[in-house]
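Got chain S sorted already, so can you dock chain G onto it with the hints?
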Amino acid sequence: MKSVPKLIKRFVGILMLSSLLILVINFAVLAIITATQAPNGSPWTTAEQAAESMEKSEQGYKMSDEMIEELNAQNVWAVYIDNATGECVWHSDNLPDTVPLEYTASDIANTTRGYIDGYPTFTGEGEDGLIILGYPRDSYWKHMWPSWDYQFIANLPKTILIVLALNVLIIFLIYMAANTKLLKSVKPITDGIQALHTGQPVVLKEKGVLSEIAANINQTSEVLQSQNYQLKKKETARANWIAGVSHDIRTPLSMVMGYASQLESNKQLPEEERQKAAVIVKQSQRMKNLINDLNLASKLEYNMQPTHIAQVNLISVVRQVVVDFINLDISGKYPIEWLTDSNLNTVIINADKDLIKRAVSNLIQNSINHNENGCTIYVAVKEEHGKVCKIVVSDNGVGATDEQIDKLNNSPHYMVCDENTSEQRHGLGLLIVKQIAAAHKGTVEIRHSEYGGLEVEICLPV
Amino acid sequence: MDFDYLKQKRILLVDDEQELLDMVSSIFTNEGFCNVKTAKTVKEALCIAETFQPELAILDVMLPDGNGFDLMKQLKNKSDYPVLFLTARGEDEDKFRGFGLGADDYIVKPFLPKELIYRVNAILRRSYKGENPIVKLSGSEIDFDRAEVIKNGEHIALTAKEHDILAALYRNAGRIVTLDALCEAAWGDNPYGYENSLMAHIRRIREKIEVNPSQPVSLITIKGLGYKLIVGDK
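So the sequence lines, in the order shown, correspond to chains S and G. Read left to right, the first sequence gives residues 38 to 499 (my numbering). Read left to right, the second sequence gives residues 500 to 733 (my numbering).
Honestly, the hints are just simulated from the structure, not real lab data. Glycine included, each C-beta is placed from N, C-alpha and C at the ideal position. Some clues are possibly wrong.
Calculated pairs, DSS-like style, for lysine-lysine (alpha carbon to alpha carbon, straight line, at most 30 Å) [said to hold, decoys possible]:
1. G:Lys-635 with G:Lys-613
2. G:Lys-506 with S:Lys-319
3. S:Lys-319 with G:Lys-594
4. S:Lys-304 with G:Lys-508
Take a look, some chain G residues computed to stay more than 12 Å from chain S by CB distance [what the hints assert, rightly or not]:
5. Glu-518
6. Asn-534
7. Glu-549
8. Asp-569
9. Tyr-580
10. Ala-685
11. Val-710
12. Gly-731
Just chain S, same shape as in the assembly (with noise of 0.2 Å):
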């Protein structure tokens, strides 16, 4: 469930580059049209200047021509009100019958702030009175009280700052009361995602937004688990096939090999005879072994060997395995060397302790099988850092080629290969070996000893 933490950080991320990116914009754009504004605007420039055009003559005031053309260009009337009298001593020719031509203090302070007869109005010093400037009615907005308090203009700023904090925040907080429930709808969909792949049937809710999704998850896992049950069911029959042709088999060759046996020891049958009797039990052995063998591989292939786990000491195991081979080994043809550090005397693994003989077992059998005029054969445990242990199993015997050892490390077993098996055709000892070593979390490796012949190893997690 990395996925999703992953997903909301991406999310976010977005949502705030937006955010700022929008402000960016709006400000930009409010920065323009403010611009563009400012030439046409400036109505108290136009007075401060129409002020300064008034000319004082003998038959009064008079504005210049220039001005007077410029402020009936945008059908301005004008009033000029000497300082002294607070009268109006000139005005233009377009002013409207209802602005006062006398003014007191009072008046001009308003007119200063606000209107004339809705007439917006903008006031220019002269050189000894006041000049009035009277705008279209609907040229001009003025506002009215332009006064704020010192502290608030003061802490605009942070004021301003702490305003968009704000309003991050609160987008955040929408977007996030938004967003989990749509994760929430999420979630289940991406743990049935990835229950999957472990063969976990997975029933989702199908509701929501994303009920659609969730119902083919259902179907999905449904055509899973049907094809999984398919397959389950097949295995099972071969390994009962196998287990069932290998029971039917042991009676018969109990009979084969018990008469043949005592053939073998019957003093009254000449030698030649006994020696063809000892040949059919040498090989109804190899058929017994053939037989245990086939139904352990394929048990074993298809998960159908139930393990007895345990914690064992693999040291007293396979001590038991070579003290049993050596204890057989009457001819002394295949000594076998106990290579173990003396002061190794404990290994505790989990592991099925029969299934750990019956590879050791296999190990030594095939250094056996392949060396007819006998080799000694060297066995260790070892155990490597606390955290995994080795069983080496090597002989000086005649080994094997580089091609063959690579065969044996690399090519899969004719009973686990599904490709044309027509030139595999060595025994099952080691697939087993491979197998239990599976079984156990483990690996097997083949390589030349170095004494000659042939060294595998197992590999065991501690």
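Using the frame of chain S, we list chain G on its own:
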């Protein structure tokens, strides 16, 4: 070692195949066992057991009118004697079930006559102990019943542990017994970490049985693996 008295023991064979019964009977006859009776069904087996009073039963697991495990229970209810299973079912589960119910051994077909005889002898020997013979070694004798060693006419007592260790070695005389098996014989089921104690006991046993304990000839060390008891006076 003379086990002729074991050959007189009454053995009951139960298997549903006549030919197998014939063959197993012939194996026993060849080996000198003279009291062998056979049965093909559970019913017949119970009937014969009434009068024959077997001292060892060898049973197949699958029988036409029942299974060997149940038959064993019924037989053992009457009188407790060793039972050995001889069966084509080699599954571990079956083995555990057999042993769990009190079977003395379990042989999976096919088997060699030698193996069967060896195991039957072992069971009989365990179940019907005769007088424990006095075991002769190269320089001394062991009397297991009295737990003592007789060396140069002198009687030396064996401790309980020494007795257990020697008995385990004697049961496998001439064969290597692993360190682990010896520890188990002396200290029971969880015999880890006793290797050094075992060495000390072996040293003391040697002092008792060997003429020259520093150069043992009867109790041999097999380095790293275990010990071997050589029986007989050569």
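Cross-check of the supplied hints:
no. : hint                     : verdict
1   : G:Lys-635 with G:Lys-613 : holds, 27 Å
2   : G:Lys-506 with S:Lys-319 : holds, 28 Å
3   : S:Lys-319 with G:Lys-594 : holds, 26 Å
4   : S:Lys-304 with G:Lys-508 : holds, 26 Å
5   : Glu-518                  : violated, 6 Å
6   : Asn-534                  : holds, 20 Å
7   : Glu-549                  : holds, 28 Å
8   : Asp-569                  : holds, 20 Å
9   : Tyr-580                  : holds, 24 Å
10  : Ala-685                  : holds, 14 Å
11  : Val-710                  : holds, 26 Å
12  : Gly-731                  : holds, 17 Å
Taken one by one, the earlier hints fail for this structure only at number 5.
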